[in-house]
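K.L.:
Residue-level listing of the chains:
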Amino acid sequence: MEVLSFLLAYFVFPGLLFASVFGLLFMGIDRKVTAHMQHRIGPPVWQEFIDFGKLLGKEDITPAAAQGVVFTLAPLIAMGAAITVMLLLPINSAQPALTSAADLIVIIYLLNIPAICVMLGGYSSASPFGAVGASRYVVQLFSYELIFIVTVLTAAVKVGSLSIGDIITYQAHNGWLAFKLPLATAAIVVAAQAKLLRVPFDIPEAESEIVHGPFTEYSGPKLGLMRLAYAIELFAVAGLITALFFGGPVAHTIAGVQIPGVVSFLIKTFAIVLFTTNIRNIAARLRIDQAMKFFWTIIALIAIVNLIIVVL
Amino acid sequence: MSFVVPIGPQHPALEEPEHFRIEVKGEEIVDVDIRLGYVHRGIEEALSKRTYMHGLFLAQRVCGICPVSHSLTFLRAVEEVAGIECPDRARYIRTIGAELERIHSHLLFAGIAAHEIGFTTLFMLFWRDRELVLDLREMLWGNRIHSSETTIGGVRWDIKPNQVPKVLRNLAALEKEVKHYIDVVGSDRTILARCANIGVLTKQMARELCAVGPTARASGVNWDIRRDDPYAAYDEVPFKVITERDGDVLAKILVRLREVLESIRIIRHALDAMPGGPLRTEFKGRVQEGEATGRVEANRGELLYYIFSKGGEKPERVRIRTPTYANIPTVKPMLVGGTIAEVPIVLASIDPCFACTDRVTVVDRNTGKSKVVTKAELRRLNK
Amino acid sequence: MPRIQLDVLKNLLRKPSTVKYPHFKAELPERFRGKPINDRERCISCGLCAKVCPDRAITYDEEKKPRFYLGLCIYCGRCAEVCPVKSITMTKEFELATYNKYEAVSK
Numbered sequence: 001m002e003v004l005s006f007l008l009a010y011f012v013f014p015g016l017l018f019a020s021v022f023g024l025l026f027m028g029i030d031r032k033v034t035a036h037m038q039h040r041i042g043p044p045v046w047q048e049f050i051d052f053g054k055l056l057g058k059e060d061i062t063p064a065a066a067q068g069v070v071f072t073l074a075p076l077i078a079m080g081a082a083i084t085v086m087l088l089l090p091i092n093s094a095q096p097a098l099t100s101a102a103d104l105i106v107i108i109y110l111l112n113i114p115a116i117c118v119m120l121g122g123y124s125s126a127s128p129f130g131a132v133g134a135s136r137y138v139v140q141l142f143s144y145e146l147i148f149i150v151t152v153l154t155a156a157v158k159v160g161s162l163s164i165g166d167i168i169t170y171q172a173h174n175g176w177l178a179f180k181l182p183l184a185t186a187a188i189v190v191a192a193q194a195k196l197l198r199v200p201f202d203i204p205e206a207e208s209e210i211v212h213g214p215f216t217e218y219s220g221p222k223l224g225l226m227r228l229a230y231a232i233e234l235f236a237v238a239g240l241i242t243a244l245f246f247g248g249p250v251a252h253t254i255a256g257v258q259i260p261g262v263v264s265f266l267i268k269t270f271a272i273v274l275f276t277t278n279i280r281n282i283a284a285r286l287r288i289d290q291a292m293k294f295f296w297t298i299i300a301l302i303a304i305v306n307l308i309i310v311v312l
Numbered sequence: 001m002s003f004v005v006p007i008g009p010q011h012p013a014l015e016e017p018e019h020f021r022i023e024v025k026g027e028e029i030v031d032v033d034i035r036l037g038y039v040h041r042g043i044e045e046a047l048s049k050r051t052y053m054h055g056l057f058l059a060q061r062v063c064g065i066c067p068v069s070h071s072l073t074f075l076r077a078v079e080e081v082a083g084i085e086c087p088d089r090a091r092y093i094r095t096i097g098a099e100l101e102r103i104h105s106h107l108l109f110a111g112i113a114a115h116e117i118g119f120t121t122l123f124m125l126f127w128r129d130r131e132l133v134l135d136l137r138e139m140l141w142g143n144r145i146h147s148s149e150t151t152i153g154g155v156r157w158d159i160k161p162n163q164v165p166k167v168l169r170n171l172a173a174l175e176k177e178v179k180h181y182i183d184v185v186g187s188d189r190t191i192l193a194r195c196a197n198i199g200v201l202t203k204q205m206a207r208e209l210c211a212v213g214p215t216a217r218a219s220g221v222n223w224d225i226r227r228d229d230p231y232a233a234y235d236e237v238p239f240k241v242i243t244e245r246d247g248d249v250l251a252k253i254l255v256r257l258r259e260v261l262e263s264i265r266i267i268r269h270a271l272d273a274m275p276g277g278p279l280r281t282e283f284k285g286r287v288q289e290g291e292a293t294g295r296v297e298a299n300r301g302e303l304l305y306y307i308f309s310k311g312g313e314k315p316e317r318v319r320i321r322t323p324t325y326a327n328i329p330t331v332k333p334m335l336v337g338g339t340i341a342e343v344p345i346v347l348a349s350i351d352p353c354f355a356c357t358d359r360v361t362v363v364d365r366n367t368g369k370s371k372v373v374t375k376a377e378l379r380r381l382n383k
Numbered sequence: 001m002p003r004i005q006l007d008v009l010k011n012l013l014r015k016p017s018t019v020k021y022p023h024f025k026a027e028l029p030e031r032f033r034g035k036p037i038n039d040r041e042r043c044i045s046c047g048l049c050a051k052v053c054p055d056r057a058i059t060y061d062e063e064k065k066p067r068f069y070l071g072l073c074i075y076c077g078r079c080a081e082v083c084p085v086k087s088i089t090m091t092k093e094f095e096l097a098t099y100n101k102y103e104a105v106s107k
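Residue numbers (my numbering), protein chains in the order written: chain A, 1 to 312; chain B, 1 to 383; chain C, 1 to 107.
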């Protein structure tokens, strides 16, 4: 029975099916909104689903000089880690599908794995573009990861617990943490922009400079899986920010109709994704050294100041 | 330990294939090796086999962005050899055609530059406003870019009075948008981070390497053929030559955007001051012996055609020197010392048009003779 | 506040400037040069159009009337300009893609 409910949670809700459907849907809406911001029509909202289906049908090519095992496993491990994060996030109620005492630490650790898998994929594909992209990704990881950890810990210190369920319960009684920790919220949104490789921080993937960075040599189903892992990671990171700072899933009763918490979770996550879309459209891509300087001066300052305020 | 990053021949940063072998140490560039010739199509040989009228259409199609400049240069040379002169109204219409092309080319460049630094919104917005100019060209002369409105001795179609209001309306809308874009480009922090003090070409380097066009004017070299060796109606239309001092990528973008505003003013003045009269002088097809050089300020700089005629209907030899060919040597001092991340934007900042650039000349060191190598000969040499 | 932000938000509320071709088509101006066609009644078979064509895309068929080979035509309009009886017109047709280019001929 336990095994069956775990498998259901991993593959259907809130695991693979739920996360991939909504992740790809949010990516499609992001592309549509970007297009309208640029005064054009843009692709339909279902475009990402169609792309994924098309990629599954294409030929799978592994370069002869690449490290075959690492090259093939990288997208699979990235997807596995992203889906596991979904199990640890509170989607429908204050209790996630899997709980443990210090699940914030586990989430931070798991969210690093897709990044490392992308780097390994880039290095193991025997292409100069892949190597340059992966090395840039290492530098970028070094820039945003500290900020991410500091802001998550700020929320944990404020509430006094490392369990994400407790944070939701605290916010249900005391209001959103975004109002109490505005600096940390701003810092984590900027760090999320870098984590999700979106302009102005999509340097590892810079299209016009190094073809597609670490993803250059991927094709066919492996590329489809990498993109799906990215979509789930987008949903997971935005979902983490919602849960930590914007109240997470809250069940409402409007005019006698019971609306489950998942709806409010989706709406808030969607709002965060839209905000990052806006930032993505009004900035140019920074150079890797400029991005590192930006993170280690301004954003680090903001995050650490908020941590100090909370600790004292 | 040096590591070679190949940029091209196929690369998303370049629209046309060229090969730049960039040697890097880490992220810093230490050397650049430039190899051209991927778009060589044997045009000079083809031009010497066609009559002047047919050759005009071929010369227009050397480039897909600046056909009017190629026409005007070819015509400047041919009309000098043939000894015919273009009537006044045709000169003004040619000026309007050239300036409309300058606007569309500079907006195309601005969009590409924005795309290279990752700012896709500006790319889309620049190209949206470029459509205002392309709609005008379609309305006036039937086609958006290769409109073939010039012919030997004049122009083919007139600008009717009922077309003028739409021209003025589109130009007014464009002027407002471009002024806003100059504001945005000069003030946006991410654009300044990517473009200011990048790819600097000093004034002395620009002079030594004989850079032309907006690339040189952005470094402070004050030279514009429209003012210094005028053709068409430029000696009768007042305009300013735009220069900047810094010579970096931002200066190059700003020079081109400000030239768009100047071009709008030139077109308005030309529409106002256009005299009446015939549209073309007759050209019989035969040309006496002689040679002539025509040069024109194309969108990217000085474009030069040399025509040598031994009498008759076809030229003996046509030689084309395009502005991008003169600007490519400046890429090396701009890139060395920078990082790989700057390569696309620095390459794009000279506004390269590689389709115009490739004419291969083989110099035989022993005899000192030089000849143009046709495609058949190149294939034979490669076996 | 970057100045492009207001543009981007304004664009969200405006109608897009692109047209959903092929469901909607933009209007073509009158001087647009599309496929050339010949009015065979009017044509006097003088031969001028084939002579001035820059690409030698015009040949003559059995009735000595011009045949335009659309694969070579550059749509410059010189044939229409030079025709003494104005029997050649440049229509507004531009959707000329075909599976067999040797059959792309206009009479």
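Incorrect hints may appear among the rest.
Partial selection, computed: residues in chain C whose CB lies under 7 Å from chain B [as the list claims (entries may be wrong)]: (1) I4; (2) F32; (3) A104.
Mimicking PhoX-like on lysine-lysine, the simulated pairs with C-alpha atoms at most 25 Å apart in a straight line are [stated by the list, open to error]: (4) B:K166 with A:K293; (5) C:K86 with C:K25; (6) C:K15 with B:K166; (7) C:K15 with C:K51; (8) C:K35 with C:K25; (9) C:K65 with C:K86; (10) C:K64 with C:K86; (11) B:K284 with B:K310; (12) B:K176 with B:K166; (13) B:K284 with C:K15; (14) C:K92 with B:K166; (15) A:K32 with C:K92; (16) C:K65 with C:K10; (17) C:K101 with B:K284; (18) B:K284 with B:K240; (19) C:K10 with A:K32; (20) C:K35 with C:K20; (21) B:K49 with C:K51; (22) B:K179 with C:K15; (23) C:K15 with C:K35; (24) C:K15 with A:K54; (25) B:K176 with C:K64; (26) A:K32 with C:K20; (27) B:K160 with C:K10; (28) B:K176 with C:K107; (29) B:K49 with B:K284; (30) C:K51 with B:K160; (31) C:K64 with B:K160; (32) C:K51 with C:K35.
Just a sample of chain B residues kept apart from chain A, beta carbon distances all over 12 Å, derived [what the hints assert, rightly or not]: (33) V24; (34) V184; (35) I191; (36) G312.
No lab work stands behind these hints, which were simulated from the structure alone. Even glycine gets a Cβ: it sits at the ideal position worked out from N, Cα and C.
K.L.:
Of all the hints given earlier, name the ones this structure violates by number, lowest first.
P.N.:
3, 4, 5, 7, 13, 15, 16, 17, 18, 23, 24, 25, 27, 28, 30, 31, 33, 34 and 35
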